[in-house]
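J.: Read off the chains here:
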Amino acid sequence: MNKYFKKLAIPYFVWLYVLAIIPFVIMAILSFVNNEGLNFSKAIFTLDNFGYLTTSSTVIAFMNSLFYAVIATLTCIVIGYMVAYAIFRSHFKNKFLVMTILILPMWSNMLLRIEALKNIMEPHNIITDILSKLGIHVSLDIAGTPLAVIIGLISTYIPFMILSIYTALEKIDYSLEEAALDLGLTETKKFWKVIFPLSTKGIVSGSIMVFLPCMSGFAIPEILGQGNILLIGNVIDQHFRNMNYNLGSLLAVVILIIILGAIFLVSKFDKEGETLL
Amino acid sequence: MIKQYPGYEQYEVANIEDYGYKEHRLTKKIFKVFRAIVIIFAVFLMYIPIFTIFLQSINSSTITSEFGQITFKWYANIFDKGSLLTAIRNTVFISIWATLISTVLGTLFAIGISTLERKAKRHIMLLNNIPLLNADIVSGIGLMLIFSSLIHIFPYFFGWRTMLLAHIFFTLPYVVLSVLPKLRELDPNLFEASLDLGVKPYPSLYKVIIPAIKAGIFSGMILAFTMSFDDFVISYYTTGNGFDNLSIWIYSSMGRKSLSPSVYAFSTLVTILFFILLIITNLLRGRKQHHENH
Amino acid sequence: MKKVLIDLKDIVKTFDGQTIVNHLNLQIYENEFLTLLGPSGCGKTTTLRMIAGFEKTEAGVIIIDGKIVNDLPPYARPVNTVFQRYALFPHLNVIENIVFGLKNSSYASKLMFYGEDNLIMEAQDKYPNKKITKHLLNKLINEKIYQDAEYAIKLVNLQGLEYRKINQLSGGQMQRVALARAIINRPKILLLDEPLAALDLKLRQNMHYELKEMQRRLGITFIFVTHDQEEAMTMSDRIVVINDGVIQQLGTPKEIYNEPVNRFVADFIGESNIIRGKYIKENEIEVLNKRIPCVGYKFAENEIVDVVIRPEDWDVVSLDKAVFVGKVISSIFKGVHYEIIAKVEDVELIIHTYEEVKVNDQIGLKVDPYKIHLMRVAQDE
Amino acid sequence: MKKVLIDLKDIVKTFDGQTIVNHLNLQIYENEFLTLLGPSGCGKTTTLRMIAGFEKTEAGVIIIDGKIVNDLPPYARPVNTVFQRYALFPHLNVIENIVFGLKNSSYASKLMFYGEDNLIMEAQDKYPNKKITKHLLNKLINEKIYQDAEYAIKLVNLQGLEYRKINQLSGGQMQRVALARAIINRPKILLLDEPLAALDLKLRQNMHYELKEMQRRLGITFIFVTHDQEEAMTMSDRIVVINDGVIQQLGTPKEIYNEPVNRFVADFIGESNIIRGKYIKENEIEVLNKRIPCVGYKFAENEIVDVVIRPEDWDVVSLDKAVFVGKVISSIFKGVHYEIIAKVEDVELIIHTYEEVKVNDQIGLKVDPYKIHLMRVAQDE
Amino acid sequence: RQKEALLILNWGEYINDEVVERFEKEYNINVVISLADSNELFYSKIKSGTTAYDLVIPSEYMVQRMFESGMLQHIQKEKLSNYHEDMFLPGVNGFIESMSAVFPEYADYQIPYFWGTFGLMYNKRKTGLEEIIKEKGWEAFFNEAELPTGTEVGMYNVPRFAYAAAMFYNHLSPNAIPNEENIAIAQRTLSMRKFNEWGTDTLKKNIQKRDLDLAFVYIGDFLDMLYQEINDEVNPKDISDIAYDIYIPDETIAFMDSFVIPKNARHVDLAHAFINFFLDPQNAYENASVVGYCTPLVESYNMILAGKNSDDKYLQNWALAIEKYYPLPDETWEKPYKGTPLTNFDVNSLTKITNMVNNVKTR
Ligand SMILES: Nc1ncnc2c1ncn2[C@@H]1O[C@H](COP(=O)(O)OP(=O)(O)OP(=O)(O)O)[C@@H](O)[C@H]1O
Ligand SMILES: Nc1ncnc2c1ncn2[C@@H]1O[C@H](COP(=O)(O)OP(=O)(O)OP(=O)(O)O)[C@@H](O)[C@H]1O
Ligand SMILES: [Mg+2]
Ligand SMILES: [Mg+2]
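Protein chains in written order, with the working numbering: chain L, 1 to 277; chain V, 1 to 294; chain C, 1 to 381; chain P, 1 to 381; chain F, 1 to 363.
Hints may be right or wrong, so weigh each one.
What the hints assert, rightly or not - Label pairs and their calculated CB-CB ranges:
no.	chain 1	residue 1	chain 2	residue 2	range
1	P	S109	C	S318	54 to 64 angstroms
2	V	K28	P	S109	35 to 45 angstroms
3	C	H23	V	P188	38 to 48 angstroms
4	C	T252	V	Y202	22 to 32 angstroms
5	P	V325	C	T252	42 to 52 angstroms
6	L	K93	C	N138	40 to 50 angstroms
7	C	H23	P	V325	32 to 42 angstroms
8	P	V325	V	Y11	18 to 28 angstroms
9	P	M121	V	Y202	39 to 49 angstroms
10	C	N22	L	F196	38 to 48 angstroms
11	L	V98	P	Y107	37 to 47 angstroms
12	P	A108	C	K154	51 to 61 angstroms
13	V	I96	P	R216	56 to 66 angstroms
14	P	A108	F	N30	50 to 60 angstroms
No wet-lab data here; the hints were simulated from the structure.
Ideal placement from N, C-alpha and C gives every residue a C-beta, glycine not left out.
Kindly produce the complete structure, drawing on both the sequences and the hints.
T.: Have a look at this one:
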C-alpha cells in the first residue's frame with residue numbers, strides 16, 4: 001500500500017500548512033506586537049502581552065481548563081468504554097444502528113442542549129413543573145458548580161468517545177479472544193490483556209477528540225458554570241471579542257504549544273510508537 | 001445452580017472451582033449492576049437534554065420553566081419565520097456537503113497518512129490536532145484571514161463557499177482520527193492480493209480497503225456531520241454576504257431576545273428525522289443483504 | 001486398561017442447519033497421541049473447538065477427567081490449542097506471546113504450576129538470607145517463566161527472534177510461535193490443528209521427535225489434526241478417520257493402513273489398489289482373472305469382495321516368476337521411489353518400487369498373501 | 001533451448017539490516033514448474049513477493065519476458081499469487097472472491113482476456129437479432145466470468161459453498177478459494193506459497209494432477225513453495241534449494257535428490273546417511289572400514305570425502321551376502337515402509353525397507369555402486 | 001443573476017420581517033439580513049471587509065468606535081423624506097445631545113432605531129427586596145448585608161457593563177478611564193459579594209423562574225420576559241400580576257441602537273431608503289410591536305400609548321409597559337432621559353477591565 005498512497009497525504013500537508021500553520025504564524029507575530037485588530041500598519045513591537053500570561057486569573061483559567069479537560073476525558077473514557085463495550089458485546093443484529101441511535105442526541109444543536117441541561121440543573125424547570133403538577137416535588141440545584149460543568153462536558157463529548165472506542169473494538173479478531181481463553185485467561189483478564197490493548201487506538205483518538213475541545217471550549221463553562229467558572233477558552237474568547245487580537249493570539253499560541261508539545265513528547269517517548277498518533 | 005444432563009447422571013458436572021478458578025458471582029453481579037447504572041447514566045446524560053427540548057417544543061408557554069398545554073403550533077411556526085427557514089436550509093446545505101467532502105477527503109488523507117513513516121506521520125498528526133485544539137474563535141479568525149486574501153479576486157467569495165471550506169477544515173481531523181486506527185489493523189495482504197489479481201491501486205482501494213475500514217469512515221462521517229451541523233463561531237467568522245446558518249441564528253437570537261420555541265420544535269424534528277432516516281437506511285440495507293444471500 | 005481422559009458422547013453440531021458433526025462418540029486415553037484424519041471440511045477443527053470449549057455442542061456431552069465440561073468455560077479447561085491460523089497477538093512480540101498464558105495466570109495457579117514447595121526451596125537456595133515473601137516468589141516465578149520461554153523458543157528453533165513483531169515473521173515462524181505458546185503451559189491436553197503444516201521437512205521431523213518426547217515426559221495427551229500421512233502414521237497411537245462428521249474407522253496406524261474397513265478409508269489413507277474380486281474359498285481368492293492365495297479372511301464362498309493391495313506391497317519380479325503380467329503406462333520418480341502405473345487385465349494398478357522401470361515395458365508382479373486385504377463390498381455400490 | 005521467462009539477476013533484499021535474500025541469480029523458463037525449497041524463514045516468501053512486485057529489491061533486477069519489471073506495479077505484472085495466509089477478502093463471499101480480479105479489471109482488458117473476436121462471434125450466435133453493443137458484450141463477459149468461476153470452483157471442489165462467508169470456511173476450504181481466485185485469471189506466471197499445505201492427501205493429489213494439467217494446457221509457469229518433499233519431487237521440473245537467502249543447488253528433482261552438492265542439500269532433501277569416507281582410487285572408496293566399488297566420481301586419490309547413501313538405497317540382505325553387518329537399534333512403521341536405525345561400526349545408519357525387522361536383530365546390508373554419491377567435504381567443517 | 005440585495009447586519013429577532021417584506025416589494029429588491037450577537041462582532045465583521053454590508057445596527061459606543069476607525073459614512077438626511085427635526089422623543093434627542101458632547105459627529109452618522117437603559121430586575125416575591133432596591137439602588141445591589149438573607153444576585157457578564165455598575169456604586173462615571181485607581185475601585189466593589197450568576201440572556205429567565213432574585217440587566221431583557229407572560233396563550237397575565245419588576249436607578253447605562261452605513265456599502269441609496277422606511281411612524285410602530293422595545297419616534301410612541309384604550313389585551317398591556325418603563329420626562333428630571341451612554345474604550349482599557357473581572361471571578 002505504501003508506495004501507492006503516500007501521495008495522498010501531500011495535499012493534506014499543504015492544506016494544513018495553509019489553513020492551520022499560516023494563521024498560527026500570524027498569531028505568533030500578533031502576540032509580539034500591539035496593533036488594532038488585524039491592522040499591521042500601526043503595529044509596534046511589544047512584550048507587554050506576556051505580562052498578562054502570569055496574572056492569576058489567566059493561570060487559574062489555564063489550570064481550570066486542564067483540570068476539567070482531564071476529568072472529563074477520564075470520565076468519558078470510563079463511561080464511554082462501558083457503553084461501547086456493552087454494545088459490542090450485545091446480541092443486537094445491527095450494533096452500529098443501536099450505537100448511532102444512542103448518540104442521536106448529539107445531532108441537535110449543542111447550545112440548545114447545554115441550555116436544556118442547565119435548565120434541568122436549576123431548581124425550577126419544565127420537568128420539575130410537570131412533576132410537581134403530578135404531585136412529585138424533586139429538584140436539583142447544581143448549575144454554576146464545577147460538577148455541572150463536568151457533566152456538561154461529558155454529556156456533550158461522550159458520543160465522540162463511544163464512537164471511537166466502538167469502532168476500534170469492532171474489528172478485533174475473534175480468534176485472538178479464543179486464544180486468550182485457551183491460554184487460561186479468565187474473561188476479565190482476557191479483557192485487560194487482549195481486548196483493551198487492542199482498542200487503545202480508539203481510546204487515544206477518542207481522547208484527543210474529547211480533551212482538545214474541552215481544553216479550548218467556552219460555551220459549556222460559561223453557561224453551566226453560570227459565568228463563575230473561568231476556563232482558558234473563555235479568556236481567549238473575551239480578548240478576541242474585545243478585539244485584543246494580540247493577547248488573544250498570545251494565549252492561543254501558548255496553549256497550542258503547551259498541549260501539542262506535550263503530545264509530541266509523549267509520542268516521541270512512546271516506545272512502541274503505536275499507542276499515540 | 002448446576003445444569004443437569006439427562007442421560008448422563010452418572011457423571012459429575014465439572015465445576016469451575018475444581019480448576020483453580022473462582023467464580024466471582026458476587027463481584028460479577030455487582031459489576032453488572034454498576035455497569036448498568038453507568039450505561040443508564042450515560043444514556044440519561046445524552047437524552048435528557050433532547051427530552052427537555054422536546055417538552056419545550058410542545059409546550060404552549062414560551063416560558064421555559066412552566067408547562068402550559070400540549071401544542072404543536074411551534075412546529076407550524078417554523079415555516080412562518082422566513083429567516084429561520086433560510087438558516088435551516090443553509091445549515092443543511094453546508095453540513096451535508098461538508099460531511100460528504102470531508103469524509104471522502106479525510107478517508108483518502110488518512111490512507112495517505114497511514115503509509116507515511118513514523119516521523120512524517122507524527123508531524124502531520126500534530127498538525128491534524130491543531131484544528132481540534134484551537135479555540136474556535138482562533139480558527140475562525142485565522143480562516144477569515146486566509147480567505148480574505150482572495151477577496152480582491154472574488155468579491156463575493158465570502159458566503160457559502162468560505163463557510164463550506166471552513167467546515168471541511170474543522171471536520172477533516174475528525175474523519176482522519178476515526179479512520180486511522182482502522183487502517184492500522186488492516187491485513188496488508190488484502191490490498192496486495194487485489195493488486196495481484198490485476199486490479200489497479202485505486203479500484204483496489206475502493207473495492208478492498210474501503211469495505212474493510214468502513215466502520216471508521218462511518219463514525220468519522222457521523223462526527224463530521226455533528227461538528228458541522230453545530231458550529232457557530234467558525235461559521236460566523238467565515239461567512240458573509242448574508243449566508244447565515246442555524247447556529248448563528250440561534251446565538252444571535254439569544255443575545256437580545258428569547259428564542260422562539262420553534263427552534264426547539266425544529267431541533268426535535270431533526271432528531272426524529274434522523275431517527276427515521278437511520279431506521280430506513282438500515283431496513284434498506286438489510287433487504288439488500290437479504291437479496292444478495294438468495 | 002488405560003484411563004479414559006476425554007469422552008465424547010454422542011456429540012452433534014450443526015451450522016446453519018447443516019450437520020457438521022454427527023453423533024460422534026470417541027474415547028481418548030490418558031497420555032495418548034490421537035490423530036484426526038479426514039478430508040477438508042469434514043469437521044476436524046470443529047471437533048477440536050468443541051473440546052476446547054469455543055463451540056457449544058448441540059447434543060451430547062464432553063467428559064474430561066470424569067466430569068461433564070459442557071458448561072466449563074474454555075479458560076478453565078485443562079486444554080491448550082495450537083490454532084490452524086495461529087491467532088497470535090499482534091500487539092505483543094514473540095516472547096510476550098509465548099509467556100502470555102503463564103504471566104497472566106493468577107498467583108495461586110502460578111504457585112501450583114511451579115510447585116510451591118519447589119519454589120520455596122529454590123528461593124532459599126538462591127537468596128539464603130532473605131525472607132521468603134510473595135514478592136520474592138513472584139520474582140522467582142517470573143524468572144522461571146522466562147527460562148521456560150527460552151526453552152520453548154529453543155525447542156521450536158526461534159532463537160534470535162524473541163523481540164520480533166508478529167507481522168515481521170514468516171509463515172513457518174508464526175506457526176512455531178503458536179506452538180511454543182501452547183506447549184509452555186504444559187497442559188493436560190494439547191489440541192494441535194495442523195501445527196506443522198507450514199514447516200519444512202527437517203524441522204517437522206525435529207518437531208515430531210520433540211512432541212513425542214514431550215508427551216512421554218510430561219504425560220500430555222495430544223489430539224492432532226494433520227494432512228500428512230506419514231506424520232499421522234509415525235506419531236499417532238491411534239488414528240480416527242472422519243468423513244462428513246462421522247467416524248469411519250478408529251484404530252492404530254497399522255490397523256487403519258492395513259485393514260481399512262471401507263473403501264473411503266482405504267482410499268483416503270494413502271494410495272491403494274482396490275480391485276473387485278471373488279472369495280473362492282478359505283485362503284483363496286480370484287482377482288484379475290487369477291486364483292491366488294490369501295490369508296485370514298472369512299466370507300461366504302463365491303462372494304464378491306473388494307481386494308485391497310497397497311502399491312508398495314506389489315513385488316516386481318522377473319516375468320517368469322510373475323503371477324500377473326502388465327504393461328507399464330507411466331513411471332514417475334517420487335523422490336524416494338518410483339510410482340509405476342501398469343495395466344493388468346485392463347485394470348490400472350499403482351505400484352511403488354525402488355527400481356526404475358521403463359514405460360511400455362512388460363512388468364511382472366507378485367503379491368505376498370499376507371499383504372492382501374479383503375473388504376466387504378459396500379451396500380450402496 | 002527453452003525460453004527464459006523470468007530472470008532474477010543478483011537480487012538482494014534486507015530487512016532491518018539483515019540480509020534475507022543474498023545476490024540471488026535464477027532463470028526460470030517458460031512453462032516450467034519450479035519449486036523453491038528451503039527451511040522456514042529462508043526467504044522463499046520474500047522472493048515470491050519480489051517477483052509479484054510487493055517488495056522492492058535493494059539491488060539487482062527482475063526481468064520478466066525480456067523486460068525489466070522492477071518498477072512495474074504488481075497489478076500490471078502477468079503474475080498471480082496464492083498467498084501463504086490466503087488473504088481472502090472478508091467482506092465478499094466465496095464466488096465474489098473468485099471473480100474479484102476479472103470483474104474489476106477494465107473493459108479493455110476483459111475484452112483482451114476473452115478475445116474480442118471470440119466474444120463478438122459468440123454474441124452474434126447467441127443474440128442473432130441484436131446489435132453488438134458494449135453493454136451486450138459486457139453482459140456476455142459477465143456470464144463468461146461466472147462460468148469460469150463455476151469451473152474453478154469445481155476444480156477445487158468447492159461446489160455448494162459459493163455463497164458462504166469467508167469466515168465460515170474451514171482452513172482447507174479457504175486455501176482452495178485462494179487457489180481458485182488465482183487460477184481463474186489464467187496468469188502467465190502463477191506463484192504459489194504453500195498452496196496445498198492445508199489440504200488432505202487425496203485432495204492434494206487431485207490438485208497436483210489438476211495443476212500439472214493446467215500448466216500443460218494453459219502454458220502457465222509455476223513457481224511453487226512447498227514443504228512436502230514428495231510434492232516437490234513429483235511436480236517440479238526443477239527445484240531450487242535455498243538456505244539463508246542463498247541458492248544451494250538448482251536442478252531437476254533427480255539431480256537434487258541423487259546428487260546433492262553439499263551436506264545441507266543432502267540433509268534437507270529427505271533423510272540421508274552422510275558418512276565420512278576415503279576415495280581410494282577410481283571406482284573404489286573406503287567407507288565404514290570396508291572397500292567397496294563406486295561409479296562415476298573423480299577425486300584425488302586418498303582424499304577424504306562425504307559418502308551419501310539414501311536410506312532406501314540400502315539393500316537388506318541375508319547376513320552371508322552382506323557387505324556391512326549391523327545391529328538394529330529401532331524399527332518404526334512409517335505407513336508405507338519401516339524405518340530402521342542400525343549401528344554399523346559405531347555409525348548409526350537409517351535404512352528404509354518394506355520388510356519388518358526386529359530390534360536387536362543383526363542386519364545385513366549392501367549397496368549398489370550406482371547408488372553411492374560422493375561429495376567434497378565442505379571447507380569449514 | 002439574482003436581484004440586487006441589500007445587506008444588513010443586525011441582532012437576532014430584532015426586526016419585523018413583515019415590514020421588511022413590504023420594503024422588498026416596494027423597491028423590488030432583496031433584503032438579506034445577517035445576524036450577530038454582539039457589538040464587537042459587528043465591528044470585526046465590518047472591519048474584516050469580507051462582506052460589504054449596506055446597513056448595520058450597532059449601539060452608541062460602537063458607532064463611535066466605527067466612526068473613529070473611519071468605517072462609517074455620513075448619513076445624508078436629505079435622502080430621508082420621512083426625517084424631520086423633532087420626530088424623536090425628547091429622551092432620544094437628549095441622548096444624542098449628550099453623546100455628541102464626547103463624539104460631536106454622532107448625530108450625523110446614525111439614525112436611532114431602538115433605545116433603552118439598564119436596570120435592576122428583581123423578584124417581587126422576595127420579601128423586603130423591592131423596598132430596599134427602590135430605596136438604596138446600587139448600595140443594596142453590591143452589599144450583601146443590605147439585602148434580605150438568601151437573595152441570589154446576578155451580574156451582567158460583559159466586563160464593560162460590570163465595570164460600569166461598579167462605577168455607579170462609587171458614584172463615578174461609567175466612562176471613567178480604567179486607570180489603576182479605577183480598576184482597583186471596581187475590583188474592590190465587584191469583590192464585595194459573590195454573584196450567584198454571571199450571565200446575559202439567562203439572568204432574566206432565572207428571575208422569571210425564581211432561581212434568581214436580583215440582577216443587573218438590560219431593559220430589553222426585562223420587557224422580553226414581560227411580554228412572554230402577557231402573551232402566554234394558556235395563561236395570559238396582566239402586567240400587574242407579574243412577579244418581578246425592574247428598577248431603573250438614576251445612575252445607569254443608557255443605550256441606543258442606530259442605523260449606520262459603512263463606508264464600503266454598495267447600495268447607499270437603498271440603505272437610505274431603508275432607514276427612511278423605518279422612520280415612517282406606522283412602520284416603526286409595527287416594527288416595535290414585534291421587537292417590543294421603545295421606538296425613538298414620537299408619533300409611534302403615541303400610537304403605542306393609544307393602545308391603552310384598545311380592546312386588545314396585549315395592546316393595553318404593551319401601552320402600560322411602555323408608559324411605565326419609558327416615561328416621558330417631567331420637570332423633576334435633570335435631563336430628558338435616564339442613565340449615561342457609554343463611550344468607546346480603547347482595546348487596552350477593555351483588556352484591563354476584562355482582566356479585572358476575571359480576577360474577581362477567580363479570586
Ligand atoms: N516485514 C518484515 N520485517 C522484518 N523481517 C521480516 C519481514 N518479513 C519477513 N521477515 C524475515 O525475513 C525472513 C524470511 O522471511 P520469508 O517470509 O521470506 O520466509 P519463508 O522462507 O517464506 O519462510 P516460511 O517457510 O516459514 O514461510 C524471516 O526470517 C522473517 O522473519
Ligand atoms: N461458523 C461457521 N458457519 C457455518 N459453517 C461453518 C462454520 N465454521 C465451519 N463451518 C463449516 O463446517 C464444516 C467443517 O469445518 P471444519 O473447520 O471443522 O473443517 P476441518 O475438518 O477442520 O477442515 P480443514 O481440514 O479444511 O481445516 C465446513 O464445511 C465449514 O465450511
Ligand atoms: Mg480445520
Ligand atoms: Mg513463507
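J.: Using the C-beta atoms of M121 (chain P) and Y202 (chain V), is the stated range 39 to 49 angstroms upheld?
T.: violated, 34 angstroms
J.: Do the Cβ positions of K93 (chain L) and N138 (chain C) conform to the proposed distance bound of 40 to 50 angstroms?
T.: For K93 (chain L) and N138 (chain C) the Cβ distance comes to about 46 angstroms; the hint holds.
J.: Quick check on a hinted range of 22 to 32 angstroms for T252 (chain C) and Y202 (chain V), using CB atoms only.
T.: For T252 (chain C) and Y202 (chain V) the Cβ distance comes to about 58 angstroms; the hint is violated.
J.: H23 (chain C) and V325 (chain P), beta-carbon distance inside 32 to 42 angstroms?
T.: violated, 55 angstroms
J.: Given the range 38 to 48 angstroms, decide if the beta-carbon distance of H23 (chain C) to P188 (chain V) lies inside it.
T.: Holds: the Cβ-Cβ distance is about 43 angstroms, inside 38 to 48 angstroms.
J.: Can you tell me whether the CB distance of V325 (chain P) to T252 (chain C) sits inside 42 to 52 angstroms?
T.: Violated - the Cβ-Cβ distance for V325 (chain P) and T252 (chain C), about 32 angstroms, lies outside 42 to 52 angstroms.
J.: Given a hint of 54 to 64 angstroms, does the C-beta separation of S109 (chain P) and S318 (chain C) actually sit inside it?
T.: holds, 60 angstroms
J.: Is 18 to 28 angstroms right for how far apart the beta carbons of V325 (chain P) and Y11 (chain V) are?
T.: violated, 57 angstroms
J.: Kindly confirm whether 37 to 47 angstroms is satisfied by the beta carbon distance between V98 (chain L) and Y107 (chain P).
T.: holds, 42 angstroms
J.: Taking 35 to 45 angstroms as the hint, is the beta-carbon distance of K28 (chain V) and S109 (chain P) inside that range?
T.: At roughly 59 angstroms between Cβ atoms, S109 (chain P) and K28 (chain V) fall outside 35 to 45 angstroms, so the hint is violated.
J.: Is it true that the C-beta distance of A108 (chain P) to K154 (chain C) lies inside 51 to 61 angstroms, as the hint says?
T.: Taking Cβ atoms as reference, A108 (chain P) and K154 (chain C) lie about 56 angstroms apart, which means the hint holds.
J.: Evaluate the given range 56 to 66 angstroms for the C-beta pair formed by I96 (chain V) and R216 (chain P).
T.: holds, 58 angstroms
Of the hints listed earlier, those the structure fails to meet are numbers 2, 4, 5, 7, 8 and 9, in rising order.
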